[in-house]
Amino acid sequence: MANIISDETIEYVGILAKLELSEEEKETAKRDMGRMLDYIDQLNELDTSGIEPMSHVFPVNNVFREDVVTQGDDRENMLRNAPEQKDGAFKVPKTVE
Amino acid sequence: MSKSYETVIGLEVHVELATKTKIFCGCSTEFGGAPNTHTCPVCTGMPGSLPVLNKQVVEYALAVGLAANCQINQYCKFDRKNYFYPDNPQNYQISQLYLPICHDGWVEIDTASGKKRIGIHEIHMEEDAGKLIHDEWEDCSLVDYNRSGVPLIEIVSEPDMRSADEAIAYLEKLRLIIQYLGASDCKLQEGSMRADVNLSVRETGTAEFGTRTEMKNLNSFKAIARAIEGERNRQIELLEDGRKVVQETRRWDDNKESSHAMRSKEDAQDYRYFPDPDLVPVMISDEWIAQIKARQPELRTEKLARYQEEYKLPLYDAEILTASKHLADIFEETVALCKKPKEVSNWLMTETMRLLKEREQEAEDISFSPVNLAKLVELVEKNVINRTVARTVFEAVFADDVDPMQVVEEKGLKVVNDEGALQKTVEEIIAANPQSVADFKAGKQKAMGFIVGQVMRTMKGKADPAMVNKLVREALEKK
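Chain order of the listed sequences is R and P.
Residue numbers for the first sequence follow numbering that gives the first Met the number 0, so the first one is 0 and each next one is one higher.
Residue numbers for the second sequence follow numbering that gives the first Met the number 0, so the first one is 0 and each next one is one higher.
No lab work stands behind these hints: they were computed from the structure.
Hints may be right or wrong, so weigh each one.
Unchecked claim - Here are the computed lysine-lysine pairs in the DSS-like style, where the Cα-Cα straight-line distance is at most 27 Å:
| # | chain 1 | residue 1 | chain 2 | residue 2 |
| --- | --- | --- | --- | --- |
| 1 | P | K443 | P | K478 |
| 2 | R | K93 | P | K443 |
| 3 | R | K90 | P | K130 |
| 4 | P | K130 | R | K93 |
| 5 | R | K85 | P | K478 |
Given the structure is predicted, the values throughout are model-derived calculations rather than measurements.
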């Protein structure tokens with residue numbers, strides 16, 4: 000494996016993803032990520048000069064909606080997805096700022 | 000302070016667009032509904048839901064960009080900005096990083112030393128977040144996703160401003176352009192226009208910028224001006240003490256007139272942007288741009304010219320009337336009804352402005368209808384009331400949008416132009432003031448003014464001044 004993921008990197012990625020990883024899981028994740036980066040390196044061997052970067056796999060663009068109200072007013076159903084609710088709102092642990 | 004410092008300011012302005020529906024779903028954008036009544040699986044970030052772009056958002060963004068002299072990215076797309084916070088149900092905000100819809104524009108502002116161009120780095124489209132309410136009784140927060148997915152444009156300026164005055168002038172200019180386009184009502188208090196201030200200081204004459212901070216939570220022009228002054232002084236103090244400015248986001252507290260750092264260092268600011276795979280690219284053709292250009296409503300410069308041309312107003316009037324879209328709309332609608340442009344202009348420029356100032360309000364807050372102002376103009380025109388009385392009646396129209404005729408009748412304010420009654424009063428006043436009569440005879444014209452004033456006072460201001468003048472002169476000359 001050409002790409003070695005450091006302990007600091009896996010720690011940082013864990014924080015960004017809000018994941019608590021055990022030592023064992025960290026080792027597995029480091030190996031997996033190293034392999035992914037190796038694969039990217041392999042893709043990078045291709046000469047892509049002069050090729051437009053693609054942001055989408057389908058050759059489709061300009062998919063629009065007209066500005067007309069078609070949804071909403073279904074609060075009861077929306078709130079069924081909430082682990083906890085109060086006064087018609089999604090209840091979450093207290094956030095400061 | 001021994002050295003002289005220059006303030007460098009750039010602004011990030013968020014504007015809520017005036018669409019009927021959200022940017023990626025068909026939920027209403029209406030303000031003030033009960034919590035979560037304008038929500039669906041898309042704007043609450045349910046797995047498997049798919050966003051579809053509201054065409055009107057693209058058109059508003061284009062309209063603003065073109066009015067602000069921007070280049071258009073005719074191939075543009077959306078990216079995901081990743082962060083975790085309960086107001087953001089998808090755990091990413093759909094925004095534009097790599098190919099924003101507009102870039103490299105400018106607007107012109109008036110400064111003490113003449114006109115100045117403020118560069119616009121870019122304008123991008125994005126979605127607003129939900130609203131968090133902190134529960135008063137329990138240790139929890141409540142999330143209302145009605146605002147989640149409301150379309151925003153973010154207008155990022157170049158760091159071209161050097162003072163609070165320039166920053167405010169730039170914001171007022173943007174607001175005017177956007178209001179004229181009808182793309183947003185731009186109300187700072189209600190949050191449909193929000194500005195974040197990026198500010199750094201440097202010793203005058205230095206080429207490099209200093210370290211900047213970003214300030215949030217600014218919801219009035221006054222708060223923005225105070226925050227700029229406060230942050231400038233804070234940074235200068237740090238530098239004078241030989242300390243460093245830390246690049247950070249600070250929250251302005253307008254009551255305390257001070258700011259504090261918002262996020263801790265452990266809270267990494269790493270948004271890991273990547274193209275949103277759920278949204279296809281937007282291709283903006285030359286024809287589409289031409290259509291938007293052709294549809295652009297009259298902007299302020301054109302209105303200024305037309306007011307002078309069509310309504311024969313002086314430049315001074317035209318400038319005041321067009322400084323607010325709302326004011327200009329009231330002017331035009333009133334003139335359409337009563338056909339007296341200069342009269343209407345006078346009411347708006349003098350009495351309306353005076354009352355607004357007294358109440359610390361802005362032109363946006365005017366609530367009387369053009370119909371009632373037009374009626375008032377006609378009452379004066381037809382000499383039903385005189386100008387002094389009209390000012391009192393106008394105060395009632397301004398405050399409660401009442402029918403002026405009703406005020407006139409209820410308070411008995413009609414002009415007295417019954418010549419017999421006036422004649423009688425004139426004679427009484429003349430009889431009671433022999434000294435003034437003698438003075439008039441001796442050639443003192445002022446003495447006549449005194450008699451006229453006394454008559455008007457006796458008639459409680461309701462007499463027709465022209466008629467009183469005529470009767471007094473005749474009576475004095477007969478003596």
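Status of the hints after comparison with the structure:
no.	hint	verdict
1	P:K443 with P:K478	15 Å, holds
2	R:K93 with P:K443	81 Å, violated
3	R:K90 with P:K130	12 Å, holds
4	P:K130 with R:K93	13 Å, holds
5	R:K85 with P:K478	88 Å, violated
When each numbered hint is compared with the structure, violations occur for hints 2 and 5.
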